[in-house]
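Participant: Sequence:
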Amino acid sequence: MKEITVDSNPSEALLKEMGVVYWPTWEKEVSVFPWEFVTTETALIEEGECEMTPADGGPSTIFKAGDLVVFPLGYKGTWEVKKALKKRYMHSEGDIKKRFFNGLTRVINRTKSIMK
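Under the numbering used here, the first residue of the sequence shown is numbered 1352, with each subsequent residue one higher.
Quick caveat, the hints were computed from the structure, so don't treat them as lab data.
Errors might be hidden in some of the hints.
What the hints assert, rightly or not - DSS-like cross-link-like pairs, simulated, lysine-lysine; straight-line CA separation at most 30 Å:
| hint | residue 1 | residue 2 |
| --- | --- | --- |
| 1 | Lys1353 | Lys1449 |
| 2 | Lys1467 | Lys1353 |
| 3 | Lys1367 | Lys1379 |
Using the sequences and the accompanying hints, generate a full structural model.
Facilitator: Quick look at the structure:
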């Protein structure tokens, strides 16, 4: 299974180039739950802390506020949200419906920012 990658110090230029400000947000309270990624997901952690443990028994990955995280397509594991989590995310590669609605949300968010 591919591993999660974490960039603990993404540059502002990179985040701007990726359009992170227009990505949808997702929030989760402190909890533990299983998950399988049906897309490759890139996420900027805005608040909180989490540990992901892969289902295959490999080493866990910890990420926190400020980290840019890539969850690979097909990754299966358990989320342990240690501090309430808020992230911005983008789907690529994988489930076409999720990718479509994620893209639509980015367009809507970008349009709203222009209309202000």
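Participant: Evaluate each hint against the coordinates.
Facilitator: Status of each hint after checking the structure:
About 20 Å separates the Cα atoms of Lys1353 and Lys1449, which keeps this hinted pair within 30 Å; it holds. At most 30 Å may separate the alpha-carbon atoms for a hinted pair to count; Lys1467 and Lys1353 exceed this at roughly 41 Å. Taking the CA atoms of Lys1367 and Lys1379, the gap is about 25 Å. The hint holds against a cut of 30 Å.
Violation of the numbered hints given earlier is confined to hint 2; every other hint is satisfied by the structure.
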